[in-house]
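Peer 1: What follows is each chain in one-letter form.
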Amino acid sequence: MKTDVLVIGGGPAGMNAAIEAARAGASVTLVERQAHLGGQLVKQTHKFFGWAEKGAGTRGIQLAEEWSKAVEEHENITVMLSSEAIGLYDDGAWMIEKEGKLIPIYPKKVVIAVGAQEKTLPIENADIPGVYGAGAIQTMMHVYGVLPGEKYLIVGAGNIGVILAYQLAQAGAEVKAVVDVLPKLGGAYWVHVTKIRRMGIPLYMKHTVIEIKGTKWVEGATIAEIDEKFQPIPGTEKELDVDTIAISIGLSPLTDLMYQAGVELIWIPELGGLVPVHSENMRTNKPEIYVAGDASGIEEATTAALEGKIAGAVAAKDLGFDVNDEAIEEWKKELSQLRDAPLLERLRQGLHKLHEAAKERGLQ
Amino acid sequence: MNKTYDYIVVGAGISGAVVAYELAKRKAGSILILDKDFPTAGATGSCAAGIRAQFGTEFNVSLMKISLEKFENLHEELDYPKELIGLHQGGYLVLAYSEEEMENLRRNVRVQHKIGINTEILTPEEVHYRWPMLRLDGVVGATYHARDGHADPFYTTFAYIEAAKRLGAELRKYTPVLKLLTEGEKVVGVETPDGPIYGGNIVVAAGTWSTKLLKDIGVDIPLWAEKHEILITEPLARFLDPMVISFSKDFYAQQRPHGGFIMGVSPDDPEHWFDPKDYNIQSSWHFLKKMASTILEVMPFLKDVHIVRQWAGFYDMTTDHHHIVGPIDAYDGLWILAGGSGHGFMFGPSVGMILAQWIVGEELAYDITKLNWKRFDEGKLVIEPAVVG
Amino acid sequence: MDPEKVIVCRCEDVTLADIRKAIYELGYTTYDEVKRYTRAGMGPCGGKTCRPIILRELARYWNTTPDKVPMRPTMIRPPMKNITFATAVEVEDNE
Ligand SMILES: Cc1cc2nc3c(=O)[nH]c(=O)nc-3n(C[C@H](O)[C@H](O)[C@H](O)COP(=O)(O)OP(=O)(O)OC[C@H]3O[C@@H](n4cnc5c(N)ncnc54)[C@H](O)[C@@H]3O)c2cc1C
Ligand SMILES: Cc1cc2nc3c(=O)[nH]c(=O)nc-3n(C[C@H](O)[C@H](O)[C@H](O)COP(=O)(O)OP(=O)(O)OC[C@H]3O[C@@H](n4cnc5c(N)ncnc54)[C@H](O)[C@@H]3O)c2cc1C
Ligand code: FES
Numbered sequence: 000m001k002t003d004v005l006v007i008g009g010g011p012a013g014m015n016a017a018i019e020a021a022r023a024g025a026s027v028t029l030v031e032r033q034a035h036l037g038g039q040l041v042k043q044t045h046k047f048f049g050w051a052e053k054g055a056g057t058r059g060i061q062l063a064e065e066w067s068k069a070v071e072e073h074e075n076i077t078v079m080l081s082s083e084a085i086g087l088y089d090d091g092a093w094m095i096e097k098e099g100k101l102i103p104i105y106p107k108k109v110v111i112a113v114g115a116q117e118k119t120l121p122i123e124n125a126d127i128p129g130v131y132g133a134g135a136i137q138t139m140m141h142v143y144g145v146l147p148g149e150k151y152l153i154v155g156a157g158n159i160g161v162i163l164a165y166q167l168a169q170a171g172a173e174v175k176a177v178v179d180v181l182p183k184l185g186g187a188y189w190v191h192v193t194k195i196r197r198m199g200i201p202l203y204m205k206h207t208v209i210e211i212k213g214t215k216w217v218e219g220a221t222i223a224e225i226d227e228k229f230q231p232i233p234g235t236e237k238e239l240d241v242d243t244i245a246i247s248i249g250l251s252p253l254t255d256l257m258y259q260a261g262v263e264l265i266w267i268p269e270l271g272g273l274v275p276v277h278s279e280n281m282r283t284n285k286p287e288i289y290v291a292g293d294a295s296g297i298e299e300a301t302t303a304a305l306e307g308k309i310a311g312a313v314a315a316k317d318l319g320f321d322v323n324d325e326a327i328e329e330w331k332k333e334l335s336q337l338r339d340a341p342l343l344e345r346l347r348q349g350l351h352k353l354h355e356a357a358k359e360r361g362l363q
Numbered sequence: 000m001n002k003t004y005d006y007i008v009v010g011a012g013i014s015g016a017v018v019a020y021e022l023a024k025r026k027a028g029s030i031l032i033l034d035k036d037f038p039t040a041g042a043t044g045s046c047a048a049g050i051r052a053q054f055g056t057e058f059n060v061s062l063m064k065i066s067l068e069k070f071e072n073l074h075e076e077l078d079y080p081k082e083l084i085g086l087h088q089g090g091y092l093v094l095a096y097s098e099e100e101m102e103n104l105r106r107n108v109r110v111q112h113k114i115g116i117n118t119e120i121l122t123p124e125e126v127h128y129r130w131p132m133l134r135l136d137g138v139v140g141a142t143y144h145a146r147d148g149h150a151d152p153f154y155t156t157f158a159y160i161e162a163a164k165r166l167g168a169e170l171r172k173y174t175p176v177l178k179l180l181t182e183g184e185k186v187v188g189v190e191t192p193d194g195p196i197y198g199g200n201i202v203v204a205a206g207t208w209s210t211k212l213l214k215d216i217g218v219d220i221p222l223w224a225e226k227h228e229i230l231i232t233e234p235l236a237r238f239l240d241p242m243v244i245s246f247s248k249d250f251y252a253q254q255r256p257h258g259g260f261i262m263g264v265s266p267d268d269p270e271h272w273f274d275p276k277d278y279n280i281q282s283s284w285h286f287l288k289k290m291a292s293t294i295l296e297v298m299p300f301l302k303d304v305h306i307v308r309q310w311a312g313f314y315d316m317t318t319d320h321h322h323i324v325g326p327i328d329a330y331d332g333l334w335i336l337a338g339g340s341g342h343g344f345m346f347g348p349s350v351g352m353i354l355a356q357w358i359v360g361e362e363l364a365y366d367i368t369k370l371n372w373k374r375f376d377e378g379k380l381v382i383e384p385a386v387v388g
Numbered sequence: 000m001d002p003e004k005v006i007v008c009r010c011e012d013v014t015l016a017d018i019r020k021a022i023y024e025l026g027y028t029t030y031d032e033v034k035r036y037t038r039a040g041m042g043p044c045g046g047k048t049c050r051p052i053i054l055r056e057l058a059r060y061w062n063t064t065p066d067k068v069p070m071r072p073t074m075i076r077p078p079m080k081n082i083t084f085a086t087a088v089e090v091e092d093n094e
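Protein chains in written order, with numbering that gives the first Met the number 0: chain A, 0 to 363; chain B, 0 to 388; chain C, 0 to 94.
Errors might be hidden in some of the hints.
The calculated lysine-lysine pairs, modelled on DSSO-like cross-linking and capped at a C-alpha distance of 27 angstroms, are [as the list claims (entries may be wrong)]:
no.	chain 1	residue 1	chain 2	residue 2
1	B	K276	A	K285
2	B	K276	C	K20
3	A	K100	B	K276
4	B	K172	C	K20
5	A	K228	C	K80
6	A	K358	A	K107
7	A	K1	C	K20
8	C	K80	A	K97
9	C	K4	A	K215
10	C	K80	A	K118
11	C	K4	B	K81
12	B	K226	A	K285
13	B	K288	C	K20
To list a few chain C residues with every Cβ distance to chain B over 10 angstroms, as calculated [as the list claims (entries may be wrong)]:
no.	residue
14	K4
15	W61
16	T63
In case anyone wonders, no lab produced these hints; they're calculated from the structure.
Every residue gets a Cβ at the ideal spot worked out from N, C-alpha and C, and that includes glycine.
Hey, can you work out the whole structure from these sequences and the hints?
Peer 2: In structure tokens:
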């Protein structure tokens, strides 16, 4: 199958990339491995934060619906659901697995917008049932309507950990503690922090989990304070009576497809670890490959959507389609406004490193 | 200032590892092993590591008999955990799909019996009785040799290298030989990014990369790289012991000790690459499709089993599908062991040992001198009928 | 925390102690070598889970960041999702 632009991933970034490339006149194929569009947004029943004039007040789920409607209605876009990109082959085919069939796609340009994966915690016993990634718990809760346990320890007090604590408490579960190794809260939005404080959920900063008890199932956990070198301080241990442990120590971009295709990756912890080197126009060292959203560095749905728009428009432009350059500049401006928030200092440091790397390599 | 060595072995695949160890064991002198990447980075690390004595010439069967004996005692000889070397002798089951093919197998078996390799000839019914899970449509007969099998290519190579190091050999990883250094009619060392390293004898065991290294000093050998692909499945409980192969259908498939099935099928019309700059190691979906349809005919039970990974490697082909071994007498002190042609892993332990004997002037355990580099020019090819691909 | 009990690679059952032994005692100091020596990363998930942890361990050894740890591009291999043989024969190649 041939297409001008292949967009991999149907989250906020991918949907917006598809819309803009199609709007410019390119034929677009959007592949999404889930049975529905929306990406991480479908897990978000809380009121959306971030995007003051456009999105705030709306719930993530609603935004996802709006975008996916726009995608499905556009005649230039072919949407393939339950379709996963499984690799790049020697004849230039991006192979898609769709419900027991393989479909090679030969695109002129590719936008990789596959999102992120949760980081795992290398600790003893972390592989027994009862220890889950935060995302898995959210999926169980929101998509399947079940709770995996009753008494929770949440490891990691970033956005996701704090929101999860709130959502679990609302759903009637008992959250015994949220721990984080950082001395003070970095990423989490205060609204949510205030909410969980009000609900009486203890938040332990400079703490980590040092022991997971149980053999067949989690039967408890020990947390402890840590020193500057992240080593537990003897005597500070606390035993917690929990049956479920949620790990939310952060996300890292899904980079396997990029790596296999030869996209250069660099280490920027502020953006989630290994990230693809890319320009503000979302171009990479591979002229046919663009990146957008969490896959290009961990941020938010708002920024993912804008990056998607830029990637889609620039890909179409590079193919010779007529694209409104002013719109692209406008999106870039919106991006820098969003990134200007006081809490986002760490993120800005990461982006600075990224832009330096892109400049060094002459990426436009 | 780099040290000077008596022997520099270029390449740490199975070939280089065996030669280095066998030289060290013979106290031949100081030895340096160089690899542009690391041990097993070449064909050895991508291979299926099948080992069989079921060949069709006295020459190959005899060499493989020596190799088998080596493999059977390797853990003791190299003092390495037996379970890591992972020799599993579940046999090779060779299926024949026509009378003519069966006749060839019978002829091979006569040769094998003469050398003391006790291959059995089986009817389709006997095959079905022993391995009822196989679908035998079109099979007219088969041969089976129980001592054939496979080993772990990584640990086998590591074991040789470790043993060589204990005997005093040195290994330098991530050190490519950029050029072989010569003075008049002699090799004197190798050029590396860290400067020249001098040595009186150089053994080129750089797999498919050997061709270019030698060409740069004016030696032409007919050794090229061909892309061959392979895949592995998720682990299943062990239930199929032998490596199952067919020469006419060009496939092999076997279950590994950890339970995954590993298999390959030859490409239809592979390109011949003489220069590494042409190499392309990307996987193809054509292989995936061909492999799946070929193997499902014989192993229908694999239908819903998951393929976990596929990869490509380079067969180290020569005109007559045999190694090139021995002195390259265009230069004093220059030796070669390369070109195993898709079975260089299994022949490594015997041919590598015999080359070491040749180098130090010992009596050869088996005469392999006809595998010299001049045979191509002299029209003295060594022909073997029983090969896959 | 006992490295013997910390599972780094769940697919192949490789512990943190195994990884550190390969790196520090045996000198397998690149990703490719550690993978080949310990089998970590050869499991059905293709190393998605364990690769980041191993790269971090190696980065510590090299005193660098994980992107600078030697690793060959061919280390990440298709198919990136496990597919069945039944699927592999169904290639829709209509152009
Ligand atoms: C609990 C939670 C709350 C959040 N709250 C907010 C918030 O309030 N405000 C905000 O701005 N952000 C929020 N975020 C962050 C936001 O959801 C993400 O930053 C955003 O979804 C990233 O968009 P994306 O398109 O880059 O990736 P994703 O949304 O992750 O989408 C990627 C898509 O790609 C698909 N995919 C992956 N691999 C493949 C493949 N090989 N083939 C085909 N498809 C593939 C995935 O299935 C997925 O649908 C929240 C995140 C979480 C988890
Ligand atoms: C898919 C596949 C399946 C196979 N199956 C089998 C099988 O079942 N049984 C069997 O017996 N054989 C099999 N083979 C063949 C076998 O793998 C090879 O014949 C054998 O491994 C060759 O070993 P080698 O040491 O000669 O070369 P290699 O393993 O290629 O080693 C050469 C080494 O030299 C190094 N090198 C190259 N250039 C330089 C340089 N300039 N400086 C320094 N170092 C350099 C490389 O990094 C490499 O490590 C298979 C091969 C493939 C590709
Ligand atoms: S966790 Fe290591 S290969 Fe899957």
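Peer 1: Please verify whether C/K4 and A/K215 have alpha carbons no more than 27 angstroms apart.
Peer 2: Holds: C/K4 and A/K215 sit about 15 angstroms apart, inside 27 angstroms.
Peer 1: For C/T63, which was marked as not at the interface, is the minimum beta-carbon distance to chain B over 10 angstroms?
Peer 2: At about 15 angstroms from chain B, C/T63 clears the 10 angstroms cut-off, so the statement holds.
Peer 1: Check whether the Cα positions of A/K228 and C/K80 lie no farther apart than 27 angstroms.
Peer 2: The hint is violated at about 38 angstroms.
Peer 1: Has the given pair, C/K80 with A/K97, been kept, meaning a C-alpha gap of at most 27 angstroms?
Peer 2: holds (11 angstroms)
Peer 1: Just to be careful, I want the Cα atoms of B/K276 and C/K20 compared with a cutoff of 27 angstroms; is the pair within it?
Peer 2: Answer violated: B/K276 to C/K20 is near 36 angstroms, above 27 angstroms.
Peer 1: Tell me if the straight-line CA distance from A/K1 to C/K20 falls inside 27 angstroms.
Peer 2: violated (49 angstroms)
Peer 1: Does the structure keep B/K226 and A/K285 at a Cα separation of 27 angstroms or less?
Peer 2: Between B/K226 and A/K285 the Cα gap is close to 24 angstroms, so the pair holds against 27 angstroms.
Peer 1: Has the given pair, A/K100 with B/K276, been kept, meaning a C-alpha gap of at most 27 angstroms?
Peer 2: violated (35 angstroms)
Peer 1: Within a Cα-Cα threshold of 27 angstroms, do A/K358 and A/K107 meet the stated pairing?
Peer 2: holds (25 angstroms)
Peer 1: Hinted pair, alpha-carbon criterion (27 angstroms max): C/K80, A/K118. Please report holds or violated.
Peer 2: holds (19 angstroms)
Peer 1: Any Cβ of chain B at or closer than 10 angstroms to C/W61, or is the non-interface label fine?
Peer 2: holds (12 angstroms)
Peer 1: B/K288 and C/K20 were given as a pair; does the straight-line alpha-carbon distance stay at or below 27 angstroms?
Peer 2: With a Cα-Cα distance of about 40 angstroms, the restraint between B/K288 and C/K20 is violated, given a limit of 27 angstroms.
Of the numbered hints stated above, those contradicted by the structure are hints 2, 3, 5, 7 and 13, listed in ascending order.
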